[in-house]
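As a plain string of letters, each chain reads:
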Amino acid sequence: MSQPDWDKNTVAQVIESLKDKPGAMLPILHGIQDALGYIPKGSVPLIANALNVSRAEVHGVITFYHYFRDTPPGQHTIHVCRAESCQSMNGSGLEAHAKTKLGIDYHETTADGAFSLEPVYCLGNCGCSPAISVDGEVYGRVNPERFDEILDEVRAQA
Amino acid sequence: MSIKVFVPRDSSALSLGAEKTAKAVATEAAKRGLDIELVRNGSRGLFYLEPLVEIETAKGRVAYGPVQPKDVPSLFDADFLKGGSHPLSQGLTEEIEYLKKQERLTNARVGITDPVNLQDYIAHDGYKGLKNALNMEPAEIVKQVTDSGLRGRGGAAFPTGIKWNTVLNAQGEQKYIVCNADEGDSGTFSDRMIMEDDPFVLVEGMTIAGLAVGATQGYIYLRVEYPHAHQNLNAAIAAAEQAGYLGADICGSGKAFDLEVRLGAGAYVCGEETSLLESLEGKRGLVRYKPPLPAIKGLFGKPTVINNVISLASVPIILDKGGEYYKNFGMGRSRGTLPIQLAGNIKRPGLIEKAFGITLRELLYDYGGGSATGRPIKAVQVGGPLGSFVPESQFDTPLDYEAFAANWAVLGHGGVVVFDDTVNMATMARYAMEFCAIESCGKCTPCRIGSTRGVEVMDKIINNQDRAKNIALLRDLSDVMLNSSLCALGGMTPYPVLSALNHFPGDFGAE
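Going down the list, the sequences are from chains S and A. Read in order, the letters of the first sequence are residues 0 to 157 in numbering that gives the first Met the number 0. Read in order, the letters of the second sequence are residues 0 to 510 in numbering that gives the first Met the number 0.
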C-alpha cells in the first residue's frame, strides 16, 4: 500500500528549524505531527539524516511513544481515559459507549474520517471523572448522554 | 471602578464548562451596562463547586458555584456583583470549610492570582525566595532546603537537599536542572494545577535550584496531555525573561539561568527519572542502570538535579520563610505539607494541601463527604497506579511516608482514588498488570514479560481456572517483579496486585 501524499517542504522546514537543539528528536517529531497531524513514514530518512542517526533509531523513537502516529488521524481525535480514577466512576461503561457510538475500536478512525479514537492513561482531570479529551480540550464528568452531546457540539463546529 | 469577577481557566474548571460561564458573565454584564473586570484565575481546587465564580468585595472574595451559563442571569438579578444572596452562594471563599482548614504553602497562590500575570505573582509574595537566594552562597541555599526536610514529592521521597548537595559538589562545567512534569499517575493533578494556575512558582523554584548547584540551563519535561500547562508555562517563562528574572543576568546579579519546556509523548515510564533523561536526549525512554546517579551523570552525561514539580515549587516558600518554617509542619520524618488530590468516586473531590499527619478517614469523610454514588467506600488507591489499595481497616493511618510503608503502602505523589463497593479488586489487579504491560519500556525481563504473564494469570483466576494454583503463581511472579525489576514500574506493579489479593481475597475467589 502506498503512503498518502505528504508535504515534504513542511517536514524539511520543521527539521531545519529544530535540528540544532540539544536532544532535537522529540521536538522535531512534535513539530511534524503538529503541522501534519502525523509523522509520514517518508520523513524518517530526512530526520535520520539531519540528526546523524540511523533510520532504525528514528523508527524506534516514533514507535516507542504512544502519542506519535504514522498514519493521518481523523478530523478530530477523541482520547478516552482508561485509568483508575475514571474506572471508579464507570469509565469502562463510557469506553464501551464511545466504541459503539462511533462504531470503531481504539486506534481506528470512523469511515467518514471525522473521528479517531485513542485510549489515554490519565488526563489529570481525576477530580471530575470520567474524562475524555477532544483535540486536546478536556471534558469532565462525561456520561454516555454527555458524550453524545459533545460529539454533536464538535460536529457543529466543523 | 469596575468590579473584579473571577472565572477560572484551570483545565478541570474548563472541563466542566468554565469557558461558557465566563462568556455568559461577560455578555450579561455588557447587556446590563455593568462595568466588570473579568479575571481568569486558576482553580481553588474545589472541583465539586466548579465552575466557581468569585466576586471581589470589601469583605473579601465571595464565591458562587457551581455556575452554569443558565444560572448567570439570576446571579445578576440577585446582585451578586455586590455579594448578593443566591442559591449558589458559598459565602466568603476563604471561609469555605474545605479551604479554610487547609495549609497552603506550595499552593499559596493557586486559584487566587491570574496565573500568567507577573505583577500579580509579585504582589502575592512571588520572587521573595529568589531575592533571598541571590544574597546567599550556593551552599547556604542548599542548607535551607536540607533543613526544611523536603523530600521528593514525585513519589520516591528522597531528601531534596541531599540530592542538591551531590550536584553542588559534582565537577562539571555544565550542570542542569530538570523538572519532572510527566505527571502520569491516575488520581493526581497537583503538578498540573501548579503549572496551569501558578507557573511562576515553578519557574522561581527552578531558578533557585540553578543558583544553588551552579546550573545555567533548566528543562521542564511536560507530558503532552497538558496543553494548558504548556501554554501557561511558556507565557510565564517569556514574562520572567522579559522582566529579567530569567536569562543571562538574573535581577542584575550577573548569574544566568535559562529555561525551556520540552514535551513528552504519552509514555508513562518517562516519569521514571532516567527514562525521562533518555527521552530529553531524543531517544526511546529506556530506563538506565543506576549508578551512575543522575546527580553525577545525568542529562547529556552532566550533573543534573531532577525533581518533581511540587518539590521545586515548594522551594520558593522555603527560601522566603526559611527551612525551619517549612519543617515545623508535618510529622516524623515527613516534613512540610503534601498537596493531596482527592479523586475518583468521591462526593467532594479536590486539592487539599495539608501538613503530613492527616488521616485517610478525615480526607475521605470530612473533606470528601463519602463516595459520589453514596455507596460504602470499599478501597482507596493511594499513590497512583503503582500504589497499594488500602482497605477501610487502615483508613486511620496518618499520611506519613513511614506509616504508609509500615502497611506495605505508599504515599507516592499524593493521589487518592476512591472506589465504592461495586469495584471488583481482581479486575483492578488485572488492570495493574495490563497497564504495566502497555507502559513497560521493555529493557528488563521481569517487567516486560512478567506483566504480560501477569495478565494471563489474572484472566485464569477471574475465569476460575485452577484458582489456588494460579494465585500461588501470581504471588511467585509478583515476587520476581518486585525484587528484580530495573525500576519502579515493574518493581511496584505488585503493590496494587498483592494488596488487592491480600485485603480482598474474596474477589479472587479464595475461600
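Be aware that a few hints might be false.
Pairs of lysine-lysine, DSBU-like flavour, derived with a Cα cap of 35 Å [unchecked claim]:
1) A:22 / S:40
2) S:100 / A:254
3) S:20 / A:282
4) A:442 / S:20
5) S:7 / A:22
6) A:442 / S:100
In silico negatives: residues of chain A with every beta carbon more than 10 Å from chain S [what the hints assert, rightly or not]:
7) 0
8) 414
9) 448
Selected chain A positions facing chain S (Cβ under 10 Å, derived; list incomplete) [claimed, not checked]:
10) 15
11) 215
12) 364
13) 495
Simulated from the structure, these hints should not be mistaken for laboratory data. We put the CB at the ideal spot given by N, CA and C, even for glycine.
Hint by hint, here is what the structure shows:
1. A:22 / S:40: violated, 43 Å
2. S:100 / A:254: Answer violated: residue 100 of chain S to residue 254 of chain A is near 57 Å, above 35 Å.
3. S:20 / A:282: With a Cα-Cα distance of about 14 Å, the restraint between residue 20 of chain S and residue 282 of chain A holds, given a limit of 35 Å.
4. A:442 / S:20: holds, 27 Å
5. S:7 / A:22: Since the Cα atoms of residue 7 of chain S and residue 22 of chain A sit roughly 41 Å apart, the hinted pair is violated (cutoff 35 Å).
6. A:442 / S:100: violated, 38 Å
7. 0: holds, 35 Å
8. 414: Given a closest Cβ separation of 7 Å, the condition is violated.
9. 448: For residue 448 of chain A, whose nearest Cβ neighbour in chain S is about 18 Å away, the distance exceeds 10 Å, so it holds.
10. 15: For residue 15 of chain A, the interface hint holds, since the closest Cβ of chain S sits about 5 Å away, which is under 10 Å.
11. 215: violated, 13 Å
12. 364: violated, 17 Å
13. 495: Holds, because the Cβ-Cβ distance from residue 495 of chain A to chain S comes to roughly 9 Å (cut-off 10 Å).
When held up to the earlier numbered hints, the structure conflicts with 1, 2, 5, 6, 8, 11, 12 and fits the remainder.
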